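Asker: Take a look at the letters that make up each chain.
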Amino acid sequence: MKLTWPLFLAWKQLFPSQRKVSFFSLLAIVGVALGVNVMIVVVAFMQGFQQKFRSDIIDSQGHARAVPLQRKIAWRKDSQKIASLPEVAMVSTYVQGHLLVQNRDYHAVPFSMGINPSQPKGVLPINEFLKKGFVPVHGYDSKDITPVPTINSLEDDVVFITQQVANRLGVRAATVLILDDQNVTETDGKVQVVRLDPYVESEEWMIEFLAEDRYKIKNILGSIELNCSLDEPAADLGWGYPQFRVVPGDKPFSKGDRYRFQTFRSSILEIYSPTMIEQAKSDEMAPPREVRVGGIFEVPWQGFHTDALIGTHRFMEDMRGEENVCDGFFIKFQTNYLHDENKLGELCARLEGELEGNWRIIPWFVENAWFFDLLKFEEYLMVLIMIPIGLVAAFAIAIALMTTVLRKIREIGLLVAMGGTRFAVGMIFCMQGFIIGTLGALIGCGLALLFIRYRDSLMSFIVTKIAGEEGQAGVTQFYDFYSLEVPYPWESEQSMITFLTFIVFAVLVSTIAGLLPAWRAARMNPAEALRSE
Amino acid sequence: MSNQRENVVLKASELSKSFSVLGTSDLKVLDEVNLTLKQSSSLSIRGDSGCGKTTLLNLLARLEPADGGTIFWGDREIAAASQTHAMEASWRAKHIGVVYQSYYLIPELTVMENVLMSVRLSGLPITEYEGRAKELLEQMGVVNKSMQIPAKLSGGERQRVAIVRALVNRPQVILADEPTGNLDERTGAEVMDLLLSSCTKEKTSLILVTHNPTFARATNETSTLTDGKLIYE
Ligand SMILES: Nc1ncnc2c1ncn2[C@@H]1O[C@H](COP(=O)(O)OP(=O)(O)OP(=O)(O)O)[C@@H](O)[C@H]1O
Ligand SMILES: [Mg+2]
Numbered sequence: 001m002k003l004t005w006p007l008f009l010a011w012k013q014l015f016p017s018q019r020k021v022s023f024f025s026l027l028a029i030v031g032v033a034l035g036v037n038v039m040i041v042v043v044a045f046m047q048g049f050q051q052k053f054r055s056d057i058i059d060s061q062g063h064a065r066a067v068p069l070q071r072k073i074a075w076r077k078d079s080q081k082i083a084s085l086p087e088v089a090m091v092s093t094y095v096q097g098h099l100l101v102q103n104r105d106y107h108a109v110p111f112s113m114g115i116n117p118s119q120p121k122g123v124l125p126i127n128e129f130l131k132k133g134f135v136p137v138h139g140y141d142s143k144d145i146t147p148v149p150t151i152n153s154l155e156d157d158v159v160f161i162t163q164q165v166a167n168r169l170g171v172r173a174a175t176v177l178i179l180d181d182q183n184v185t186e187t188d189g190k191v192q193v194v195r196l197d198p199y200v201e202s203e204e205w206m207i208e209f210l211a212e213d214r215y216k217i218k219n220i221l222g223s224i225e226l227n228c229s230l231d232e233p234a235a236d237l238g239w240g241y242p243q244f245r246v247v248p249g250d251k252p253f254s255k256g257d258r259y260r261f262q263t264f265r266s267s268i269l270e271i272y273s274p275t276m277i278e279q280a281k282s283d284e285m286a287p288p289r290e291v292r293v294g295g296i297f298e299v300p301w302q303g304f305h306t307d308a309l310i311g312t313h314r315f316m317e318d319m320r321g322e323e324n325v326c327d328g329f330f331i332k333f334q335t336n337y338l339h340d341e342n343k344l345g346e347l348c349a350r351l352e353g354e355l356e357g358n359w360r361i362i363p364w365f366v367e368n369a370w371f372f373d374l375l376k377f378e379e380y381l382m383v384l385i386m387i388p389i390g391l392v393a394a395f396a397i398a399i400a401l402m403t404t405v406l407r408k409i410r411e412i413g414l415l416v417a418m419g420g421t422r423f424a425v426g427m428i429f430c431m432q433g434f435i436i437g438t439l440g441a442l443i444g445c446g447l448a449l450l451f452i453r454y455r456d457s458l459m460s461f462i463v464t465k466i467a468g469e470e471g472q473a474g475v476t477q478f479y480d481f482y483s484l485e486v487p488y489p490w491e492s493e494q495s496m497i498t499f500l501t502f503i504v505f506a507v508l509v510s511t512i513a514g515l516l517p518a519w520r521a522a523r524m525n526p527a528e529a530l531r532s533e
Numbered sequence: 001m002s003n004q005r006e007n008v009v010l011k012a013s014e015l016s017k018s019f020s021v022l023g024t025s026d027l028k029v030l031d032e033v034n035l036t037l038k039q040s041s042s043l044s045i046r047g048d049s050g051c052g053k054t055t056l057l058n059l060l061a062r063l064e065p066a067d068g069g070t071i072f073w074g075d076r077e078i079a080a081a082s083q084t085h086a087m088e089a090s091w092r093a094k095h096i097g098v099v100y101q102s103y104y105l106i107p108e109l110t111v112m113e114n115v116l117m118s119v120r121l122s123g124l125p126i127t128e129y130e131g132r133a134k135e136l137l138e139q140m141g142v143v144n145k146s147m148q149i150p151a152k153l154s155g156g157e158r159q160r161v162a163i164v165r166a167l168v169n170r171p172q173v174i175l176a177d178e179p180t181g182n183l184d185e186r187t188g189a190e191v192m193d194l195l196l197s198s199c200t201k202e203k204t205s206l207i208l209v210t211h212n213p214t215f216a217r218a219t220n221e222t223s224t225l226t227d228g229k230l231i232y233e
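For the protein sequence lines, the chains are Z and A, in the order given. Going by this note's numbering, the first sequence opens with residue 1, and the numbers climb by one from there. Going by this note's numbering, the second sequence opens with residue 1, and the numbers climb by one from there.
Just chain Z, with the same shape it has in the complex (with noise of 0.2 Å):
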C-alpha cells in the first residue's frame, strides 16, 4: 500500500503551496504546542521540586540514619565498620534529646543534637547550616561586618541555635559593627574581623593608622594595645579577641586614618537537661550548664526541626550524665546511590546485615515518605488534571479536520476516482492529526527547554507581577525558585521520560483525532461524493 501520496496531500493541506501556512494548522499546532509546553514544564517543575527536597533531606540528614535497637551497643566500633564500607561516603554519630534553654525569663525546649566536631567534613554540613541562618545585624550609623561562625567555634560550651530558637530567647551570636568614622581619609584599603569567635566581649576597638605601612590596634579600656605593620601578618591576639584584617586598597592608608569598631559578646544560655531534673529530686539540685551561642544556623530542609540546638558530642554527655552514648548515625553513601531509591534500600538492608541486626538503617526516602508522597500526589493530580485539557485540544482537532472533510467531499471522490483507495484516501486526514501532533509536541517541547532554560527570569517576572516584592520573598523562601534544578532531557532520564511521555501523548492523541474524520471520509460513496454541491 503507497502511502506516500496521502502524507504529501496531508502536508499540503496544512501547509499549502504558496501560501505558508494554513490557519487552522497554525491554530491546531500552537494549540498541541501550548499544551504540550504546559505540561512538560509543570511536570517538570513539580520533579524539580522533589529534586530539591530531595537535596535539602539528604544535605541535612545524609542518605540513611542507622539507630540502635538495643541499648548498650559497641557502637565506635559499629560505626567505624560502616565507615570502612567502599559504598560509604561518610559517617556522623549523634546524640539526641531535649534541653531546657533559659536566657532570663525566657525558655525554650529544642531538640538538641550532639556531633563530633573533630570531624572536618561530616554528614551533615554545618557550616552551610550556618551560613544560612546568619542574619547581619542593620545599624543606623554602623555596618555588621561579623564573619559568619563555623563549626570551629564548636567546643563543649558553645552551641548553635535555630533562628526561632534565637528569636524566642531574645539571644544572637556574637558580633562586631564598624563605626562610620569621619577620620578616614579617601582610601580603598579595608580592614576585616577574620574570626570572631563565641568568647569576645563586648568592647570597642581601634585601629589607628601611624604611618602608610603602620598601625595600632587598641581597645577603648586601654588595656590592649599592638604596633602593627602592613608588611607582617595580621597580628593574632588570641582566643576571646577579635582577629583584625587590613586589606591595603590601591590608594595607600594615610596617617591619622582610624576605624573604630564595636564587639558585642555572644549571649549565655542557661541549660538543664532531664538528668537535672531527676537529681533535683533528690536533692542534690546542679547549677544549670552555661553555654555560649556560637551561631544561628537553618536547616534548609522545612521538616527538620525548626526549635533546635547542636551541641557537641561531649556536650550532650554530660547532659545526659552518661558517657560513651551514641544515639544513632547519619550515614552518607558514596554519589552512585543517590538516585536510585531502590539500590538504596538494598544497600541499607545489606548494611543491617552486616551490623548483625543490631542498628535499624532507615534510608531517607523512608523517613520522609510523608512528605514525598504528598508531592507525588500532587504531580498525578496536576497530569490527572492536565489530561482532560489534553482531551478536548483533541476533540478541537477532530471537529476541525471533520470540517475540512466536509469541505473537501468532492475531492475526495475525484481521489477515488482517479485511483485512490478509500482507505488510503481517509488517511490523509489522519496524517494531518499525526503532522499536527508531531509538530505541536515538537515546538511544545522547545518551548519547554526554553522555559526551563529561562525559569527564573520568568518565575521572578511571574511572581512579582501575581504577589508583589513583599510576597516574592515568601513564595521564593519555601519554593527556591533561583535554586531549583530542573534538568534538561538530556541531562536526568527521569526529565526524557517526561518530554518523551507527553510527546508520544500529543501524537497519539492527535492522529485519534484524525481517525474519526479519516473514517468518515473513507466511508464516503465516491459517485455520490462527485455528485455532491
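Everything labelled a hint here was simulated from the structure, so no lab data went into it. Hints are not guaranteed to be accurate.
Unchecked claim - Straight-line distance between alpha carbons at most 25 Å, and here's what the computed DSS-like set of lysine-lysine pairs gives:
| id | chain 1 | residue 1 | chain 2 | residue 2 |
| --- | --- | --- | --- | --- |
| 1 | A | K152 | Z | K20 |
| 2 | Z | K218 | Z | K251 |
| 3 | Z | K121 | Z | K190 |
| 4 | A | K229 | A | K28 |
| 5 | A | K134 | A | K94 |
| 6 | Z | K376 | Z | K52 |
| 7 | A | K38 | A | K11 |
| 8 | Z | K12 | A | K94 |
| 9 | A | K134 | Z | K12 |
| 10 | A | K229 | A | K152 |
| 11 | Z | K12 | A | K152 |
| 12 | A | K94 | A | K203 |
Note that the coordinates shown come from a computational prediction; the quantities given were computed from them, not determined experimentally.
With chain Z held as given, fit chain A with the ligands onto it using these hints.
Answerer: Frame of chain Z; chain A with the ligands shown alone:
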C-alpha cells in the same frame, strides 16, 4: 478473436442500474447497456439531462456497483454488481483518466503538483514524469501557469490542467463527463480540440459525454443514451 479482444480497452455488457428513490418505484437508469471501446478510439455519448450518462461513466470506472452485467477492463473481467475491491483502485489509477465538468483541481496544490497527483496515485516515479507533464502543459498552452495555484486560473485554463492531469500517466482510457459544460463556446471548442487531438496523439481511448452535437461528431463513434439503452448511431 483473441487479437480483437486484446485491442479492447473497455467493455461493458448488459450493464443495469436503478436507483431506489423514496416514495416512488425504482428509477431504472441503465437497462442492459452494451459498450465496447477499442484502443485509441473514441466514443461520444449524448442524451437528455438525467438520462444516466454520468451514472454510466461511474459504473465503468467502478466507482459504484451496478445491479448486473459485466465490465471488462482490458482482459480483466469484473462482475459489475460486486462491491468495488481495493485492488481495482491501482488499476484505475494506472489505466483510467477522468475529466469532469467541474475541474476538481486540489486548491492547496500548484498546477504542476495537481498534474503530478495522478503520477503519485499510480505509484510511478514523479521525477520521470515531470518532463512529460511540462510538455503536455506546453501543448495545452498553460505551461506558464505551472507554479500557480488553481484559484488564480480561468475556467478554461483549469480544464486544460485537468486534461493534462488525466493524460500525464498514460492511461488507456479517458472518461470525460461534459468537459466543456462550464466553458463558453469558444473556449469550449478550444479545449475540446486539445482533448481530442491529445487523445489521438497519445493513442488514448476516450469516452466523451457531451451535449454538444458538434463535439459529439468529432469522435470515431457516436451514441445516444435513451430510456436506459445505449444506441450507436
Ligand atoms: N445516488 C442516486 N440516488 C438516486 N437517484 C440517483 C442517484 N444518482 C443518480 N440518480 C438519478 O439517476 C438519474 C441519472 O443521473 P445521471 O447523473 O447519470 O444523469 P446525466 O445523464 O449525467 O444527467 P446530466 O446530463 O444532467 O448530467 C437521474 O435522474 C438522477 O436523479
Ligand atoms: Mg451528468
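Asker: Confirm or reject each hint.
Answerer: Quick rundown of the hints versus the structure:
The hinted pair formed by K152 (chain A) and K20 (chain Z) meets the criterion: a straight-line CA distance of about 17 Å does not exceed 25 Å. Distance restraint check for K218 (chain Z) and K251 (chain Z): the Cα-Cα separation of roughly 24 Å lies within the 25 Å cut-off, and the hinted pair is therefore satisfied. For the hint linking K121 (chain Z) to K190 (chain Z), the alpha-carbon distance of about 32 Å lies beyond 25 Å, and the restraint is violated. Taking the CA atoms of K229 (chain A) and K28 (chain A), the gap is about 11 Å. The hint holds against a cut of 25 Å.
Of the supplied pair hints, the one linking K134 (chain A) and K94 (chain A) holds, its CA atoms being roughly 19 Å apart against a limit of 25 Å. Restraint check for K376 (chain Z) and K52 (chain Z): satisfied, since their Cα atoms lie roughly 14 Å apart, inside the 25 Å limit. The suggested pairing of K38 (chain A) with K11 (chain A) holds, with an alpha-carbon distance near 9 Å, which does not exceed 25 Å. The straight-line distance between the Cα atoms of K12 (chain Z) and K94 (chain A) is roughly 23 Å, inside the 25 Å bound, and the hint therefore holds.
Restraint check for K134 (chain A) and K12 (chain Z): satisfied, since their Cα atoms lie roughly 21 Å apart, inside the 25 Å limit. Restraint check for K229 (chain A) and K152 (chain A): the C-alpha separation of about 41 Å exceeds 25 Å, so the hint is violated. With a CA separation close to 17 Å, the supplied pair K12 (chain Z) and K152 (chain A) stays within the 25 Å bound. Proposed proximity of K94 (chain A) and K203 (chain A) is supported: the alpha carbons are some 15 Å apart, at most 25 Å.
The earlier numbered hints that this structure contradicts are 3 and 10.
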